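Please model the complete structure; the sequences and the hints are all you need to start from.
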Amino acid sequence: MYEKDGEQFFVVDGHTHFWDARPENRNKWGEGFIACFYDYHRNLSPPEYVWPKEKYDRYTEEDMVHDLFEIGYDDIAIMQPTYLTDFFPNGFNTTEQDAEVAAKYPGRFIVNGAFDPRDGERGLDELRRLKDTYAIQGVKLYTAEWKGDSRGWKLSDPEARPYFELCEELGIKNIHVHKGPTIWPLNRDAFDVHDVDHAATEFPNLNFIVEHCGLPRLEDFCWIGTQEPNVYAGLAVVMPFIHSRPKYFGQVVGELLYWLGEDRILFGSDYAIWQPKWLIEKFVDFQIPEDYQSELGEISVEQKKKILGLNAAKLYDIEVPAGMEIPAEREQVAIGSEPVAPA
Amino acid sequence: MTTTVPDVLDALTGVRDPELDQNLVELGFVTDVQVDGPVVAVRLRLPTYFCAPNFAFLMVADARRAVEGLAGVDVARIALEDHFTAGEINEAVGRDATFTEAFPGEARGELDDLRALFRRKALTARQGRLCDGLLAAGRSEEDLIAMRLDGLPAGPDADRCRELRHELGYAAGPGAPAFVLADGAPLTAGEFARFLRFARLVARSLDGNAHLCRGLLKTRYDLTDHEEVAA
Numbered sequence: 189m190y191e192k193d194g195e196q197f198f199v200v201d202g203h204t205h206f207w208d209a210r211p212e213n214r215n216k217w218g219e220g221f222i223a224c225f226y227d228y229h230r231n232l233s234p235p236e237y238v239w240p241k242e243k244y245d246r247y248t249e250e251d252m253v254h255d256l257f258e259i260g261y262d263d264i265a266i267m268q269p270t271y272l273t274d275f276f277p278n279g280f281n282t283t284e285q286d287a288e289v290a291a292k293y294p295g296r297f298i299v300n301g302a303f304d305p306r307d308g309e310r311g312l313d314e315l316r317r318l319k320d321t322y323a324i325q326g327v328k329l330y331t332a333e334w335k336g337d338s339r340g341w342k343l344s345d346p347e348a349r350p351y352f353e354l355c356e357e358l359g360i361k362n363i364h365v366h367k368g369p370t371i372w373p374l375n376r377d378a379f380d381v382h383d384v385d386h387a388a389t390e391f392p393n394l395n396f397i398v399e400h401c402g403l404p405r406l407e408d409f410c411w412i413g414t415q416e417p418n419v420y421a422g423l424a425v426v427m428p429f430i431h432s433r434p435k436y437f438g439q440v441v442g443e444l445l446y447w448l449g450e451d452r453i454l455f456g457s458d459y460a461i462w463q464p465k466w467l468i469e470k471f472v473d474f475q476i477p478e479d480y481q482s483e484l485g486e487i488s489v490e491q492k493k494k495i496l497g498l499n500a501a502k503l504y505d506i507e508v509p510a511g512m513e514i515p516a517e518r519e520q521v522a523i524g525s526e527p528v529a530p531a
Numbered sequence: 010m011t012t013t014v015p016d017v018l019d020a021l022t023g024v025r026d027p028e029l030d031q032n033l034v035e036l037g038f039v040t041d042v043q044v045d046g047p048v049v050a051v052r053l054r055l056p057t058y059f060c061a062p063n064f065a066f067l068m069v070a071d072a073r074r075a076v077e078g079l080a081g082v083d084v085a086r087i088a089l090e091d092h093f094t095a096g097e098i099n100e101a102v103g104r105d106a107t108f109t110e111a112f113p114g115e116a117r118g119e120l121d122d123l124r125a126l127f128r129r130k131a132l133t134a135r136q137g138r139l140c141d142g143l144l145a146a147g148r149s150e151e152d153l154i155a156m157r158l159d160g161l162p163a164g165p166d167a168d169r170c171r172e173l174r175h176e177l178g179y180a181a182g183p184g185a186p187a188f189v190l191a192d193g194a195p196l197t198a199g200e201f202a203r204f205l206r207f208a209r210l211v212a213r214s215l216d217g218n219a220h221l222c223r224g225l226l227k228t229r230y231d232l233t234d235h236e237e238v239a240a
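Taken in order, these protein sequences are the chains called A and B. Residues in the first sequence are numbered consecutively from 189, following the numbering used here. Residues in the second sequence are numbered consecutively from 10, following the numbering used here.
Each hint should be verified, as a subset may be incorrect.
[Stated by the list, open to error] Some chain B residues close to chain A (C-beta under 10 Å, calculated; not the full set):
#1 Thr57
#2 Phe59
#3 Cys60
#4 Phe64
#5 Ala106
#6 Thr109
#7 Gly114
#8 Arg117
#9 Ile154
#10 Arg209
#11 Arg213
#12 Ser214
#13 Cys222
#14 Arg229
[Stated by the list, open to error] List of simulated lysine-lysine pairs, DSSO-like, C-alpha gap at most 30 Å:
#15 Lys319/A with Lys292/A
#16 Lys227/B with Lys243/A
#17 Lys216/A with Lys335/A
#18 Lys502/A with Lys342/A
#19 Lys435/A with Lys470/A
#20 Lys243/A with Lys465/A
#21 Lys342/A with Lys216/A
#22 Lys227/B with Lys241/A
#23 Lys319/A with Lys502/A
#24 Lys361/A with Lys243/A
#25 Lys435/A with Lys465/A
#26 Lys335/A with Lys361/A
#27 Lys227/B with Lys192/A
#28 Lys227/B with Lys216/A
#29 Lys435/A with Lys227/B
#30 Lys502/A with Lys470/A
#31 Lys335/A with Lys241/A
#32 Lys227/B with Lys470/A
Hints listed in this document are in silico derivations from the structure and should not be mistaken for laboratory results. Since this is a predicted model, take the numbers as computed values, not measurements. Where a beta carbon is used, it is the ideal one built from N, C-alpha and C, also for glycine.
Structure follows, in structure tokens:
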């Protein structure tokens, strides 16, 4: 919980990791992957929050709990696994590893699972096992993950269909989608988010949370968001721009409020790439820059409360402490989502 | 006539990162140019090890074509460095192979569609900026709908719009409508408000991506601001 000027903010951190990128658990691609992650961390964090690379490769459970809950204001953190076993032999960040930590801190973590349609029948059994073992309510899908010769997959692949059907059947309703730089076929735009449109139409009972709100394809994501009411914007990777490029951050948040509306935007730190403490402090103080207010409007305290925690609480059936909820009739439809012809 | 390093750099300003619609020199992607008579060697770098291979391939292939287009150059050897598919790309471009030949089994076609998609995005973004500039200067929506290409205020955005329209096969003559939708159809009054909203969004998206790429390049190679600009 974060408190400022008499306002209380219930915080659900929608995107956190506990990864292992030590040299003994990575090959040359894994090394490139964590180096790239580290550059994101160094490039967009305030200097006092930049870690040495060794700590970044593998931070401790104590570091994580300290940074998220003791100083970081998170009430609940959602752990999103990223297996990447072709890069990190024991997995970069698996459901099992996350669950082990989560079990020690009851009520603080929500552990999500993952699936990969290229695993066929075996993958469906594995998804059932994840549900049985960890009672997962959500999955994180990384479509650019390598698997043998394959460089990725799309949510619209026919192989993905039985997985979404199984998610519906098992009550795994939150599908976090993360795009990356490779995909089969390699001639297509790897960051394209139109496959989310396809899946969201086919499975209206599932929620599709697109991480980093489709960046670097914000325009395509916003367009899909206007068409599909079950598509949400995850702010992981977008948040840190609040420090390094506040005007741009203001534009992105303003656009998301316009096209998707305040009920479909979710905070995420993407810990340990960035830390929730400074992101939340700056976000609560943040306002859309004056130059853009005539076009994009302002952001209210109530909207910030929804984004920081109440929207995710709704998706994950998290009980919000008394006095911190917002009445349901205050929900709004985004201006940009009114039905109109395509631009 | 002997080709000089500035000639090569000048040719490389004609090569763009298709995703960002900015040229390789201004982005700081060119690290070294060596001219040895009719043989030119160029080294390129990108903001991350995992930048998308399709865009990387286009930049390397376009760079080779641009430099070999210079009078006095017989061979341009382009070396992409520090990238997970640098080997495949450099080798393929070096022997004039296509993208599908560079990545056998991993691609289902060449990159023309991808390039056209990003040209449409770039065109939309540039038109959005031009519209905002004209509106700020007191022109009305009706003026903009009626405007012809030769009525656009001179500058890089107008030049690039003409170039992109030409490349996309859209009407690009002086009497053609100044503003078109992504598919090349003339913008109409009923579509204007939505068009402008979306064009601003695309412009913000491309600008934001370019900023992130520049920032990551700077971090990756420990560049100062001066090096970033001068590279």
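Handout entry: Hints violated by the structure (listed by number, smallest first)
Key = Hints 5, 9, 24, 27 contradicted; others consistent.
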